[in-house]
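**Q** Dock chains S, G and V against chain C, hints included.
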Amino acid sequence: MLFYRRNFKSWIRIAVVMGIAGLAGLVVEHGLAAQDQSAATAAPESQVFTPAHPTVWSAVQEFFNYRPQPVQPIQFTHKVHLANGLQCVMCHVGVDQGPDARIPSDNFCMTCHRVIATDKPEIKKLTAYFNRGEDVPWQRVYGFLPSAHVKFNHAPHIRAGVDCSKCHGDMTKQTVAVRAVDHTMGFCIECHQQRNVSVDCVTCHY
Amino acid sequence: MASVNSIYGLFADPDAADRGVNALRHAGVAQDQIVVMSSEPHEGHAFSLLDHKTIMPWLAALGGVVGGACGFLLARYTQVAYPEPLITGGMPLVAPFPSAIVTYELTMMGAVITTVVTLLITARLLKWKQPLYDSEISYGKILVGVLGPSGAARTDLENRLRSAGAEKIKTTGQL
Amino acid sequence: MTTKTPEQINEDLLRPLEGTSPRYLAALTFFVLVVLAGAAAFLHQVYAGLGVTGLNRPVFWGFYITDFVFWIGLSHAGTLISAILRLSNATWRRPVTRCAEVITVFALSIGAMFPVVHLGRPWLAFWLFPYPSERGIWPNIRSPLLWDFFAINTYLLGSVTFLVLPILPDMALVRDRTTGWKKKLYHVLSLGWTGTPRQWSRLEMAMRIMAVAVIPVAVSVHSIVSWDFAMAPVPGWHSTIFAPYFVCGAIFSGIAALIIAMALLRKFLHLEDYLLRIHFENLGKLLLVMSLLWFYFVFAERLTTWYGNGSSEMAVFWPTQSGSYAPLFWAMVVCNFVIPFPILAIKKLRTIAGTVVASIGVVIGMWLERFLIIVPSLSHKYLPYSYGSYRPSFTEIIITVATFAGLAMLYMLFSKIIPIISVWELKAGEVTETATAPALARPEQVRAD
Amino acid sequence: MVIDLDRCTGCEACVVACHAENNIATVGEDQAARARAMHWIRVERYYEGEFPNVKTKFMPVPCQQCGAAPCEPVCPTFASYHTIEGLNGQVYNRCIGTRYCANACPYNTRFFNFYNPVWDKPLDLQLNPDVSVRSEGIMEKCTFCVQRIKAGEVQAAAEKRLVKDGEIQPACVQSCPTQAMVFGDLSDPESEASRLARSNRATRLLDELGTFPKVTYLQRGSWHDNENA
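Chains as they are written, first to last, in the working numbering: chain C, 200 to 405; chain S, 8 to 182; chain G, 31 to 479; chain V, 40 to 268.
This is chain C alone, in the form it adopts within the complex:
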């Protein structure tokens, strides 16, 4: 009754409504599936380590050598510390011993800053980190990209008497460290040649 007595126009109307409903259903289902999928892919992604780029965009950025300057959690002033007579190696204690120059823990900072300049807002941030028992999440400034496959060792450079500013710029003028010197391969090779050090590829790339 309801079905076979309808005329052509109303059949079309039914078809249109059902079509729209179907499409809407598809959209909703697709959204749900996408959510499912993102949940499914996001979870294992956090559980594996891979040198692959997280996104195509990041790969493109790296290809064109685009690296934004990092934003540090605390506006640490190298300028002030150096002006107050500190030396690089006082904090970066590993620099003449191994590959990594090392950044001191907030524990080390607090040896002075329990008493010095405690009212400054940046020091308050530091104290907050310290009180929570957390390390300050410093962002990497230099460092070679993983795709450069460079293994840099600080110690031999310090032993050879290379000035820190050669690679890091004049720290007496910087607050947080910025990428003041472009660490291209040409930069490394030039200095190695001047100092008559090996420029064999596997000296750095392995």
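Simulated pairs of lysine-lysine, DSSO-like, Cα-Cα distance not exceeding 30 angstroms:
1) V:K189 / V:K199
2) S:K136 / G:K212
3) G:K297 / G:K377
4) V:K189 / C:K350
5) S:K134 / G:K214
6) G:K214 / S:K175
7) C:K372 / C:K350
8) S:K177 / G:K212
9) G:K214 / S:K136
10) S:K136 / G:K446
11) G:K213 / S:K175
12) V:K160 / C:K350
13) V:K189 / C:K365
14) S:K134 / G:K213
15) S:K60 / S:K134
16) V:K199 / C:K350
17) G:K212 / S:K175
18) G:K297 / G:K315
19) G:K446 / G:K213
20) V:K199 / C:K365
21) S:K177 / G:K214
22) C:K372 / C:K319
23) C:K350 / V:K203
24) S:K134 / G:K446
25) G:K213 / S:K177
26) S:K175 / S:K134
27) C:K365 / C:K278
28) G:K212 / S:K134
29) G:K213 / S:K136
30) C:K278 / C:K372
31) G:K297 / G:K378
Think of the hints as simulated: they come from the structure by calculation, not from any bench.
Quick caveat, the model's predicted, so the values are computed rather than measured.
**A** Here is chains S, G and V on its own, set in the frame of chain C:
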């Protein structure tokens, strides 16, 4: 087009075109004023030999020598450019056979490039605004004409072209 | 042919440029879609990694390098054959040369793509260019891949000019016969060609130089492709016969491709009055010679390997003769010799249809030949502990298929833009009478009047 | 390097040590079944004789670090080259993945990253920071633990002395329980490795190809032995 004065005849027959060129010569028109155009090379006809001489093969050979020299220098330089010798497979730094191959390929590339450049320059190509042209050439006609004739010689030239067998006589510019 | 007037020739040969049929559009769409599928497959490969191919250790080269050698080989159809015919002044060449040269340019471009397609990190392919950088490291001239780079670029440049130079007069022809935006386009494309005797003689001279230059380049290109293999100490590769063997195979597959292309053009562009049986017959004879030569090379190569009986060589030899690769090997012999030889040797069978059948066999056979040179050798390298095998993946197959569609697509587009048979050369060939006109009066003689 | 085949028991400790030291990815079952497994050193197993009198022979095969290596000149970008010290260097960042070197290598000791390697967390924490992690499309191979060689040289330079024989050991040599492997400087005639390489039990793998491999295998019953007897 209209800015250039010219008189030209359109010929259907290449032999008649030959006669037309001769007629213009006899009228005292200088060599570089005579213009011939055709949609085929018409090899074997006398007018096809106009401006025949060229040093293109010698230029191509020279280009080849220059290309080869560049090739060898490139092969040599790129192998010794890095401050420390990049030895591979126990080969000498400037390995003879590979350098010879690169030298050879760049010799050929030099010759090809020189030939093309010579062609473009000496055949006066890449000039899209030609002073004189008639699209009837593409329908099989041969154009024989005079660039920049004096107004006084107009009827004489027209008659000479017509008697040589021109099917049509056209003029451009103010005559 | 002699009954055609120049005007009829113009009409016939310029007709394909004037309009498109629905059938043409449908075919073009189909080929474009296949090419897009290939492009998508390549992007997928770049995104996911080369693991989507069937390559493995020790078979690090598979379909892509097979395609590379095959397409570079196919490119010897045009420029080489056309140059030889030009230099030997074979009059029957006139309708054949351009459609042959087009195959060269397109097949070479497609072939040159494959070394990039097969790279693990194709976005760094620009390191093959010798350009100065602050690293101070240049490409390694000692690598056969660099020889490839130089040879293919030289050959590509040479064959593009070889194709383009004789097109200029035809561009002028089209320019004069069209109107509107097309006239402007062809006006630019003709580079201002007017057809003065000066231009004609320079063009003639340039073509002669190019023909002389391009033949040794073509030979060197395929020799160098063969040296990609012969330089490596891999059993079955490290052979002195490879360079001539590859050049012969390249010309062989090139002629076959040319015959197929000509047959298709003849049918679809209605060029029955221009591409005659004699063209197919003459090319068929060339194909026959190359088939015999190919068989001779294969025999010589197999004989020396078998007689030498080196253990590592025989480990490659037997799988191809009677082992897992034997079906492919014998299919290759059938396609390259058993089918084409009788067809081409018996005059009655050397028809248009006959040569096309033989050519299809040769194209398939030569593809198999390239595959059989690469894969069995790599899968049986010296230490039996690392023997392997190879099975192509869907990605590799789709990219291979897409390149064939790519050639068809480029060819179809080209034939819509440029007359596929050289109009002026054909017309020039029509003129058979020798000049009887009086020689030009010398300028000094005129002055004496 | 010298490898005494008579001492090798085929325990594959060297393979495991190499994986751990050099951040070599395990590709998983599927990929391994497709012959894409990566082992910079592998223990080849050969059987002699008819059942039941079967003898098993083991042969650890790392990169042979050939003196005239076929893999080096074929690389178009100098990713594969000869170092000043005589190693076959493989510069990962320079590799564009033509895989030509792997084809040219008669020993099949070069490995290609068909996919990006993956480590389940927290296994990535055991990655060696002194060795870079290779990504997709890069060829890799045994380096004779060049990171250890470099570290040894840096240490010796800091102490203002020369590197002592036996001071530097690659992971495979260090881990070999039967001490079948000896690593040393072949250009120093006094080193233990040089001494063993001159032994009349010495053979080299596929010596007839003229690659001048720097790995020497010691074994009894070689034709050298018969000649001298």
